[in-house]
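Peer 1: Sequence:
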Amino acid sequence: MLLKRFKSLIAVLGAAGLTLLGCQTMTASNTTFQNLPNPEQIERQQGQLKIMWRIFTETKFGTTPIDAIPLQTITKASLDAMGNQSNHVIRLGHSSHLLKLQGKYWLIDPVFSERVSPVQWAGPKRFHASPIDLEQLPPIEGVVLSHDHYDHLDAHATEYLASRVQRYVVPLKVGTRLIDMGVPKDRITELDWWGTTTVGTVKLTAAPAQHFSGRTLTDRNKTLWAAWILESGTQKIFYSGDGGYFSGFKEIGKRFPNIDLALIENGAYDKLWPEVHMTPEQSVQAFQDLGAKVLYSVHNSTFDLAFHQWRDPLERIAKLSKERSISLATPIIGEPLTIGRSRENKEWWVGLK
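With this note's numbering applied, the sequence shown covers 309 to 661.
These are calculated hints, taken from the structure and not from any lab test. Bear in mind the structure is a predicted one, so any value in this text is a computation, not a measurement. Misleading hints may appear alongside valid ones.
[What the hints assert, rightly or not] Quick list of in silico lysine to aspartate or glutamate cross-link-like pairs, EDC-like style, CA-CA up to 16 Å: (1) 579 to 589; (2) 558 to 620; (3) 530 to 597.
[As the list claims (entries may be wrong)] Computed Cβ-Cβ distance ranges for the label pairs, DEER-style: (4) 659 to 527: 28 to 34 Å; (5) 563 to 488: 39 to 45 Å; (6) 659 to 504: 42 to 48 Å; (7) 492 to 386: 29 to 35 Å.
The beta carbon of each residue, even a glycine, is placed where N, CA and C say it ideally should be.
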């Protein structure tokens, strides 16, 4: 039992890029990147020993599903059926998404591995299969990455896609990670916060987020983390990446009014690390700060990365959205959403164990 817990501890810490080992509220120095000051954050990160002790000793309940997670398989026919004049988003699981933006395909934080961990023999394991295999992906115009943690940057997927993707758009210094994984340097665009680039017909802007980075014990904050705004045609998509609640959401909303779809982190939160992941209540507040039209819940239902029950993020955000008359999107894995098109949102998790 102790050996099992030790393996679980090492794998969980690795899965989140050692997420739980004390993120500091820190703009960039000569050697590391830092968060913006965040006066709204009252609760502080707990000490790393306290977090490690809890991971090592506490028994989890209900953090992984017993019943099968609903899944909609993605096929070439279903992709072809999505119109080339519109913008579509398909959830692959966790924070991974396949987008079809006016006929061109994009990936956000693509993770296809069985486990999000430095090793594949231990660590958080997928609750469900990917709705599409790596080998079945259509030609990819671009990949957007939010940061380098294991549940957002998958080495296996990156190595496979290395020369199959036309352009990688990433935060500062993340390009070094990609080069090590076989991505040609001339296909990588790195951006600082508020930096902008255009790929084909899509304009991308990196925005601040309150998080941190690293894949080992010795490389904390050596790469930047970011949220993203993708503009395709007349529509805007916001992707929060990972992060705690901060005043930056209001600034993003001011700079990019009328965001059509906001993909916002909602999962892997805990009272011991309030600065790096938002509770559902904070996710809703972030959405309202942005002034966006539709709230799309991500970062849940695929991996066990915290102590809350697996349904908790979905149940709480659905309840809050009803109370505040928010248009909520919680598509099943593999279900396409066409931006600007009305849809019936189903609470697919209700009744599942």
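Peer 1: Next step is simple, just say for each hint if it's right about the structure.
Peer 2: Right, here's what the structure says about each hint:
no., hint, verdict
1, 579 to 589, "13 Å, holds"
2, 558 to 620, "26 Å, violated"
3, 530 to 597, "29 Å, violated"
4, 659 to 527: 28 to 34 Å, "43 Å, violated"
5, 563 to 488: 39 to 45 Å, "33 Å, violated"
6, 659 to 504: 42 to 48 Å, "45 Å, holds"
7, 492 to 386: 29 to 35 Å, "31 Å, holds"
Hint compliance for this structure: hints 2, 3, 4 and 5 are not met, and every other hint is.
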